[in-house]
Amino acid sequence: MELQPIFIQILALAIFSIGIMVAISRRNIFFLLMGVELALNAVNLSFVGFAKTLPADMSVAGQIVPLFAIAIAAAEACVGFAMVIMIFRNRESIDSDSYSSMKG
Amino acid sequence: MLALIYFIVLAVIALGSALCVLLARHPLYAGLSLVTSMVSLAGIYGLIGSPFMGVVQIMVYAGAIMMLVTFVIMVLNGARDSKTPMFDKVSLFVIPAVLVLAGLVGFALVRSPLAFDATTLRGSVELTSKTLFDMAQTGPGYFLLFEVLGLLLLSAMVAAVLLAKKRLGSIETENTEVKH
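Protein chains in written order, with our numbering: chain A, 1 to 104; chain B, 1001 to 1180.
Honestly, I wouldn't trust all of these hints.
[To be verified] One side of the interface only, derived from the structure: several residues of chain B facing chain A at Cβ under 8 Å: (1) 1048; (2) 1067; (3) 1068; (4) 1073; (5) 1074.
[Said to hold, decoys possible] Quick look at which bits of chain A chain B covers, simulated, 3 or more residues with Cβ under 8 Å: (6) 1-8; (7) 34-43.
Bear in mind the hints are in silico, worked out from the structure with no lab data behind them. Model, not experiment: these values are computed from the prediction. Every residue, glycine too, gets a C-beta built ideally from N, C-alpha and C.
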């Protein structure tokens, strides 16, 4: 039995679900950002896996778009952690439930 | 056959360390498991024929982003409140919902016909750079996106520096804080 593209997609789906679970259900703010990173990783894996099922002239996009996704993830992590530092100075807490001063 | 064995080993490592992120108590342990997960994903990229993506994954994700995460955890001393519970009542609904969603998408994936194309291109450095910097009129135009991305990263860096500064633009208050 050889390596099938569906295995890669199933792995990406599993990692994506775990990332979403970490991002939504954990209360520590660091885990929230790490869960988002994990989900972005899984989406990149899915992109590359799907690109391998396309013919030559179309499969190039699958190598380029994940690079852009990685750069966006770097920008997101940069700004996200700066905001965490700023909020932590005001609240002295890393529990994401305590960041609720914008609640209506 | 050999590729399948390598894939299973790397996938088990990636999934196990992703689960460790979900269940870890301290953010630093979660960061370490996240690095392990990312490195094994880089191995999978190399295995399915995108070595450049794997190298970028290791350099940017496992290197730069995780270094940032570790720095921030150490600066804010993430162990300080180990009393907050890991999960709350919302998790009871979130986790089954995500599992059901994964089941539905997995069902759709399994039913779809997918097969590796024999003519697919290997994502080497040469191919990636040639496509990325193809400035021909009829080319894909990725170089424009690349330039925009440079601007985006610059603005993100400036925003992060401004946000994480102690007091916005007042040197005097910082000096008085040092004196006290």
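Status of the hints after comparison with the structure:
1. Nearest Cβ of chain A to the Cβ of residue 1048 of chain B: about 6 Å, under the 8 Å cut. The hint holds.
2. Because the closest C-beta pair between residue 1067 of chain B and chain A is about 10 Å apart, greater than 8 Å, the hint is violated.
3. Taken as an interface hint, residue 1068 of chain B checks out: its beta carbon lies about 6 Å from the nearest beta carbon of chain A, inside 8 Å.
4. Interface restraint check: residue 1073 of chain B against chain A, minimum CB-CB distance 6 Å, threshold 8 Å, status holds.
5. The closest approach between the C-beta of residue 1074 of chain B and any C-beta of chain A is roughly 11 Å, which is over the 8 Å cut-off, so the hint fails.
6. Only when three residues or more bring their CB closer than 8 Å to a CB of chain B does the claim for the stretch 1-8 of chain A stand; here the count is 8, and the claim holds.
7. Evaluation of the coverage hint for the stretch 34-43 of chain A: fulfilled, as 5 residues show C-beta separations to chain B shorter than 8 Å, against a requirement of three.
Violated hints for the displayed structure, listed by number in ascending order: 2 and 5.
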